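Engineer: Sequence:
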Amino acid sequence: MRGAADEAVARRNAVRAVTAARTLDMGLTEPSRFGAWFFRLTGGVVFLFSPVLALVGLVVATRG
1 MRGAADEAVA RRNAVRAVTA ARTLDMGLTE PSRFGAWFFR LTGGVVFLFS PVLALVGLVV
61 ATRG
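Numbering (our numbering), first residue to last: 1 to 64.
By construction, these hints were calculated from the structure, which means they are not laboratory data.
Just so it is clear, the structure is predicted and the values come from calculations on it, not from any experiment.
Heads up, a few of these hints could be off.
Distance windows between CB atoms, simulated [what the hints assert, rightly or not]: (1) 63 x 17: 46 to 52 Å; (2) 25 x 55: 29 to 35 Å; (3) 51 x 21: 41 to 47 Å; (4) 26 x 57: 41 to 47 Å; (5) 23 x 61: 17 to 23 Å.
Cβ atoms here follow ideal geometry from the backbone N, Cα and C, with glycine treated the same way.
Using the sequences provided together with the hints, build the complete structure.
Structural biologist: Structure below.
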């Protein structure tokens, strides 16, 4: 999970740099306030609650 979070941060910062170059907005060249911790936290929450979401989706699908 650490490698994926670090890649997501690097990708986000690269996209911001390209956008800054296109729009000439140098404020975008600053690193994102969301560090790797944010992506790790998001991944952990999704991982923990995915069975619950799958169950809710199954219940909704069978009710309709």
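Engineer: Now tell me if each hint is right for this structure.
Structural biologist: Right, here's what the structure says about each hint:
Look at residue 63 against residue 17: about 47 Å separates their beta carbons, and that is inside 46 to 52 Å. Between residue 25 and residue 55 the beta carbon distance is about 44 Å. The supplied range of 29 to 35 Å is therefore violated. Distance hint for residue 51 and residue 21: a CB-CB separation of about 43 Å, consistent with the stated range 41 to 47 Å. Taking 41 to 47 Å as the suggested C-beta distance range, the pair residue 26 and residue 57 conforms, at roughly 44 Å.
Taking the beta carbon of each, residue 23 and residue 61 are about 43 Å apart, not inside 17 to 23 Å as hinted.
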